[in-house]
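Let the hints inform the model, and build the full structure from the sequences given.
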Amino acid sequence: MASDTVVEISNVWKIFGARAEDALRAVRDRGLTKAQVLSEFNAVVGVADVSLSVNRGEIFCIMGLSGSGKSTLVRHFNRLLEPTDGKIKIQGTDVMALGPRELQRFRNQKIGMVFQNFALMPHRSVLDNVAMPLEIRKVPKNERMRQAAAILDIVELGAWGAKFAHELSGGMQQRVGLARALAANPDVLLMDEPFSALDPLIRRQLQDEFIRLSKILKKTTIFITHDLDEAVRIGDRIAIMRDGKMVQMGTAEDIVMDPADDYVADFVAGISRLKVVHAHAVMQPIETHVAAHGPIPADAARVASEETLSTLITMAIDDGNPIIVQSDGKDLGIITRADLLRTVIEGTEVS
Numbered sequence: 195m196a197s198d199t200v201v202e203i204s205n206v207w208k209i210f211g212a213r214a215e216d217a218l219r220a221v222r223d224r225g226l227t228k229a230q231v232l233s234e235f236n237a238v239v240g241v242a243d244v245s246l247s248v249n250r251g252e253i254f255c256i257m258g259l260s261g262s263g264k265s266t267l268v269r270h271f272n273r274l275l276e277p278t279d280g281k282i283k284i285q286g287t288d289v290m291a292l293g294p295r296e297l298q299r300f301r302n303q304k305i306g307m308v309f310q311n312f313a314l315m316p317h318r319s320v321l322d323n324v325a326m327p328l329e330i331r332k333v334p335k336n337e338r339m340r341q342a343a344a345i346l347d348i349v350e351l352g353a354w355g356a357k358f359a360h361e362l363s364g365g366m367q368q369r370v371g372l373a374r375a376l377a378a379n380p381d382v383l384l385m386d387e388p389f390s391a392l393d394p395l396i397r398r399q400l401q402d403e404f405i406r407l408s409k410i411l412k413k414t415t416i417f418i419t420h421d422l423d424e425a426v427r428i429g430d431r432i433a434i435m436r437d438g439k440m441v442q443m444g445t446a447e448d449i450v451m452d453p454a455d456d457y458v459a460d461f462v463a464g465i466s467r468l469k470v471v472h473a474h475a476v477m478q479p480i481e482t483h484v485a486a487h488g489p490i491p492a493d494a495a496r497v498a499s500e501e502t503l504s505t506l507i508t509m510a511i512d513d514g515n516p517i518i519v520q521s522d523g524k525d526l527g528i529i530t531r532a533d534l535l536r537t538v539i540e541g542t543e544v545s
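Sequential numbering of the sequence shown, starting at 195, is according to the working numbering.
Calculated from the structure, these hints are not laboratory results. Don't take every hint at face value.
Stated by the list, open to error - Cβ pair distances, simulated, as ranges:
no. : residue 1 : residue 2 : range
1   : 490       : 313       : 58 to 66 Å
2   : 500       : 303       : 34 to 42 Å
3   : 198       : 479       : 40 to 48 Å
4   : 232       : 303       : 34 to 42 Å
5   : 303       : 260       : 27 to 35 Å
6   : 402       : 488       : 29 to 37 Å
7   : 439       : 485       : 24 to 32 Å
8   : 468       : 251       : 24 to 32 Å
9   : 405       : 457       : 44 to 52 Å
10  : 352       : 251       : 45 to 53 Å
11  : 318       : 292       : 24 to 32 Å
12  : 251       : 488       : 18 to 26 Å
Quantities reported herein were computed from a predicted structural model and do not represent experimental measurements. Each residue gets a CB set at the ideal place from its N, CA and C atoms; glycine is no exception.
What follows is the structure, encoded as structure tokens:
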């Protein structure tokens, strides 16, 4: 496993039902569909042969519609659900090989989890709620309270430590839930649709807050969502699931510009490309442009390969000259107004 890979799962299956093992053999031997497995074995395929890896400090979003298997999958990383088959490694530890006590210790020390349900203890103060993972770890009271208070300050709730959950808004309660997950300083953060129960404005504010915290704490995060806009805003990479299977993985730009199939294409049809698509995905070879249109004007603007489509369009409005795309001071390609217009209208990568 590469040194920068924190989470790696291989060929994970989860089939629910009394005959799960028989159903899995039938799927492998006879290629049964999900519907056929249900009919023949009275079993449900929740996760089907999923493999993925997550790098250190990465926010990896797993998304899909209800029933796609995304929330089932995330519960395998810390074995809240036992897979029917497959391998799970976190920081090189074979999670499947851990006994009950080892697994409990591993969860408490290595993994933090934030659910859609805030799950705060109503009889405990905010500070006590945040300190709970440290209490389980038997950290002395003064030290755990100090660490909990420090995390509350990071999520900007330092003044609310003495309050109880019912005295906080939904958005504030979710920030307490996030603080609790962070208090034990886990290596991996699992977030299962943490903001989906909140009002749109509060949800966006918490997305911004999470992005800010991620830049500070650099936690390796697996983030579950059914909202593609949220995945695009938050994720370094996105995986789209359907019927328990992984349909496509990549950056938001990869998925928007080159959807794997009609299902993904429909999924991303409503996403604005302005902040997702970058210059390197739009550019054409300089030689091709020169052959067709002649020399490039000496005063042509130059941009970095990661410049967004939104900025490129603004530049093209003010200047009709082509735009040179660069990386590390070297010219990589060229973008014309026609390239930009074609990308906006068709959503296809220009070659």
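Comparing the hints with the structure gives:
In this structure, residue 490 and residue 313 meet the distance hint of 58 to 66 Å, their C-beta atoms being roughly 59 Å apart. Take residue 500 and residue 303: their Cβ atoms lie about 36 Å apart, and the range 34 to 42 Å holds. A hinted range of 40 to 48 Å for the beta carbons of residue 198 and residue 479 is inconsistent with their spacing of about 32 Å. In this structure the hint that residue 232 and residue 303 lie 34 to 42 Å apart at CB holds, the actual value being about 39 Å.
Checked against the given bound of 27 to 35 Å, the beta carbons of residue 303 and residue 260, roughly 33 Å apart, stay inside it. At about 46 Å, the CB distance of residue 402 to residue 488 disagrees with the hint of 29 to 37 Å. In this structure the supplied range 24 to 32 Å is violated for residue 439 paired with residue 485, their Cβ-Cβ distance being about 44 Å. Here the CB-CB span from residue 468 to residue 251 is close to 26 Å, well matched to the stated 24 to 32 Å.
Distance hint for residue 405 and residue 457: a CB-CB separation of about 28 Å, inconsistent with the stated range 44 to 52 Å. Between residue 352 and residue 251 the C-beta distance comes to about 25 Å, which lies outside the given range of 45 to 53 Å. Between residue 318 and residue 292 the C-beta distance comes to about 29 Å, which sits within the given range of 24 to 32 Å. Separation of residue 251 from residue 488 is about 46 Å and departs from the stated range, judged on CB atoms against 18 to 26 Å.
The structure fails hints 3, 6, 7, 9, 10, 12 (numbered hints given earlier, in ascending order).
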